[in-house]
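J.: Chain by chain, the residues run as shown.
2 protein chains.
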Amino acid sequence: MSVTYARGFGAAAASAGFKESGRPDLGLLVCDGPGTAAGAFTTNAFPAAPVTLTMSHLVGGRARVVLVNSGQANAGTGDEGLEDASTMASGAAAALGCAEEDVLVCSTGVIGPRVPLGRFRAALPKLAAGLSADGGDAFAEAICTTDTRIKTATADAGQHRVGGCAKGAGMIAPRLATLLAFVTTDAPAPPDVLRRIVNERAIPVWNGLVVDGCQSTNDTVLLLASGAAGGDVDETALGDAVESVMRSLARQVAADAEGATKTIVVQVDGATDPVSARAVGLAVAGSDLVKTAVFGSDPNPGRILQAAGDAAVVVDPSRFRSSIGDIPVIEGGVVLQATDPKRALDGPEVLVAIDLGVGDASATVFGCDLSYDYVRINAEYST
Amino acid sequence: MSVTYARGFGAAAASAGFKESGRPDLGLLVCDGPGTAAGAFTTNAFPAAPVTLTMSHLVGGRARVVLVNSGQANAGTGDEGLEDASTMASGAAAALGCAEEDVLVCSTGVIGPRVPLGRFRAALPKLAAGLSADGGDAFAEAICTTDTRIKTATADAGQHRVGGCAKGAGMIAPRLATLLAFVTTDAPAPPDVLRRIVNERAIPVWNGLVVDGCQSTNDTVLLLASGAAGGDVDETALGDAVESVMRSLARQVAADAEGATKTIVVQVDGATDPVSARAVGLAVAGSDLVKTAVFGSDPNPGRILQAAGDAAVVVDPSRFRSSIGDIPVIEGGVVLQATDPKRALDGPEVLVAIDLGVGDASATVFGCDLSYDYVRINAEYST
Chain C
48 MSVTYARGFG AAAASAGFKE SGRPDLGLLV CDGPGTAAGA FTTNAFPAAP VTLTMSHLVG
108 GRARVVLVNS GQANAGTGDE GLEDASTMAS GAAAALGCAE EDVLVCSTGV IGPRVPLGRF
168 RAALPKLAAG LSADGGDAFA EAICTTDTRI KTATADAGQH RVGGCAKGAG MIAPRLATLL
228 AFVTTDAPAP PDVLRRIVNE RAIPVWNGLV VDGCQSTNDT VLLLASGAAG GDVDETALGD
288 AVESVMRSLA RQVAADAEGA TKTIVVQVDG ATDPVSARAV GLAVAGSDLV KTAVFGSDPN
348 PGRILQAAGD AAVVVDPSRF RSSIGDIPVI EGGVVLQATD PKRALDGPEV LVAIDLGVGD
408 ASATVFGCDL SYDYVRINAE YST
Chain L
48 MSVTYARGFG AAAASAGFKE SGRPDLGLLV CDGPGTAAGA FTTNAFPAAP VTLTMSHLVG
108 GRARVVLVNS GQANAGTGDE GLEDASTMAS GAAAALGCAE EDVLVCSTGV IGPRVPLGRF
168 RAALPKLAAG LSADGGDAFA EAICTTDTRI KTATADAGQH RVGGCAKGAG MIAPRLATLL
228 AFVTTDAPAP PDVLRRIVNE RAIPVWNGLV VDGCQSTNDT VLLLASGAAG GDVDETALGD
288 AVESVMRSLA RQVAADAEGA TKTIVVQVDG ATDPVSARAV GLAVAGSDLV KTAVFGSDPN
348 PGRILQAAGD AAVVVDPSRF RSSIGDIPVI EGGVVLQATD PKRALDGPEV LVAIDLGVGD
408 ASATVFGCDL SYDYVRINAE YST
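Going down the list, the sequences are from chains C and L.
When we follow the working numbering, the leftmost residue of the first sequence carries the number 48, and every step to the right adds one.
When we follow the working numbering, the leftmost residue of the second sequence carries the number 48, and every step to the right adds one.
Derived by calculation from the structure, the hints in this document are not laboratory data.
Check each hint, because a few of them may be wrong.
[Said to hold, decoys possible] Just a few of them, taken from the derived set where beta-carbon distance is under 7 Å, the chain L residues facing chain C:
no., residue
1, GLY138
2, ALA141
3, ALA142
4, GLY144
5, CYS145
6, GLU148
7, ILE158
8, ASP181
9, THR339
10, GLY356
11, VAL381
12, ALA385
13, THR386
14, ASN425
[As the list claims (entries may be wrong)] Within a straight-line C-alpha distance of at most 30 Å, the following computed DSS-like cross-link-like pairs (lysine-lysine) qualify:
no., chain 1, residue 1, chain 2, residue 2
15, L, LYS66, C, LYS66
16, C, LYS173, C, LYS66
17, L, LYS173, C, LYS389
18, L, LYS173, L, LYS66
The beta-carbon is built from N, C-alpha and C at its ideal position, and this holds for glycine as well.
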């Protein structure tokens, strides 16, 4: 059900010809009435044009439309790219009868090429006419690039619904690790509530995901509220539901990451603080040596020690413990020679548990293995 | 000629049985008389046992012997590992007639297993008896693990000679990116001169090399001086020669990195300061997306923009320029669509030039591509 699980939203998709494959590449998400919105964005020094535009449109905390194209990232396109993004927003606004500032634009795909606006204009009328409360999955498909399947999730917060979708599948780093994620709710949540939920509940989830350590120019997380379900907003319950949806999406992105054959879940406990816990988890999940060992089901727990020690977090080696699945592999900083974790490396999801033994803080980090297919996909991506 | 190019040093190697392959795995480097020494070490929170031992032996700035085994890293081995390293040092000291504190020990290989001391004791007498002024290349071979060839370099500083060797080939990150590097000179350089040269001339070179972004537990750079050539020390000339040797070794490590088919040289100019320049270079050379694009000769310069923007360095997009080889690919932050850098991606060394356009500082960074073989080597390393 994706983004249309929440009442008050319609979605549609089209194949506009942005992708050479002819697959769906243009998505539209529209709130039936005036909606509220909040977002978070890449911190890359070269943000894509639609990121710059959408940040400016979000200042007032209101939005009605999300327009997404896949195929071109509209990044590294200079002033012309900014004009293109604005043209897309004004085109959608005209077709839907709202202000340009109500339209949030996102792009994903190859960095450099401009979005072919002629194809956008040709596809827009049919796209707008196709809006439907059943369109969430089609929207979720249109935003994909190298993804092999759509990522959707839903949750409830009392009477209010929360639904979302996201795309992967590469150029994903732990600083807001997502290319694009869209989550909607029918709760009548004012902008400041949405902003708090994005900052406190959503961003930590996406900062705990790593695929290849490369932060995109286009990362965008949007949270929109239609208010269609009415009632009072329980901010904690709504935050729980949004976090649950975001966490499910992040885990799906890790599982469908470029070339991934296994998901890596790193659970870090016993840290002095959550940021240190996450840093250790990201260092382990982001290590090419851990990732290749998981891919090959190669029991090499010394690489967990090495990666954890590279996190720029003060550790006490004598208290450091780790296990893979249910098999202890490191105890007091010593790599155990009598245990063999090979069995725990064979499944589709590998759990690495780390106990730093110095505090009470925890973090969960999602990652994936590094396979021949990651190299193949990215050695041949643009051509 | 490696480490025995400088007068006053002998070296030897043996196959002690630390490697299952039976290849040379024990190296000995000895200064004929009392020598001076300085070093730099990994900042990993779990330093290997020989790193801890060698740091303590270096406090006085004097050393006569470097003993290296390959096959086991003696990391993640706890108190027993520290005892093993000390046993190796005292064994070598007894065989050579010096104090244990005069022996610097280094290990490289799999993290976790202990060094088989019985094999060490069995191999030591013949190793010590084989010391020779022609042994530099044999020593350079014995320290290798997944390297496919030895890395050696020499330079002259007036009447004084400088020679060195290093090993790669993986677990190499820009925080002192080297598993092991040994450089010798016959200049009568006191410890403080050697320390300054290590800190100011050697460390920046190794901090500008990245293979897989994984900082080893065993990284060690040692600089030893025999004084055998006598004369006065010209610190600047000696520093130049040491830096030249270190730079050559770093470039060789990049070229022979695990699975590498191409070296990537990133030349960053126009930065406000050298640290920012190096950060941008490392972000580009360390990007898995840049590395796979180079491997596939896939012209995708948007990834250079993305990676440079991920360096946590403030940039002015309108001044940012880049070229691959002699072909401009980014101008004023815009990825050029009319140029095709494919030709410049085909050679064994790919030069990425970046001009930040905001200052006068520069940095050169060495890296390598990411190939199927990197995945293969590291998915099968320990088994």
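J.: Each hint needs a verdict: does it hold in this structure or not?
T.: Right, here's what the structure says about each hint:
1. GLY138: Violated, about 23 Å.
2. ALA141: violated (28 Å)
3. ALA142: violated (28 Å)
4. GLY144: This interface hint is violated because 34 Å lies over the 7 Å limit.
5. CYS145: violated (30 Å)
6. GLU148: With Cβ-Cβ at 24 Å, over 7 Å, it is violated.
7. ILE158: holds (2 Å)
8. ASP181: violated (35 Å)
9. THR339: Nearest chain C Cβ about 4 Å off; hint holds.
10. GLY356: With Cβ-Cβ at 4 Å, under 7 Å, it holds.
11. VAL381: Hint on VAL381/L: holds, closest Cβ of chain C at ~4 Å, below 7 Å.
12. ALA385: Hint violated; ALA385/L Cβ to chain C Cβ min 11 Å, cut 7 Å.
13. THR386: violated (11 Å)
14. ASN425: holds (4 Å)
15. LYS66/L <-> LYS66/C: Status violated; Cα separation ~51 Å.
16. LYS173/C <-> LYS66/C: holds (18 Å)
17. LYS173/L <-> LYS389/C: violated (39 Å)
18. LYS173/L <-> LYS66/L: holds (18 Å)
The structure fails to meet hints 1, 2, 3, 4, 5, 6, 8, 12, 13, 15 and 17 from the earlier list, while all remaining hints are met.
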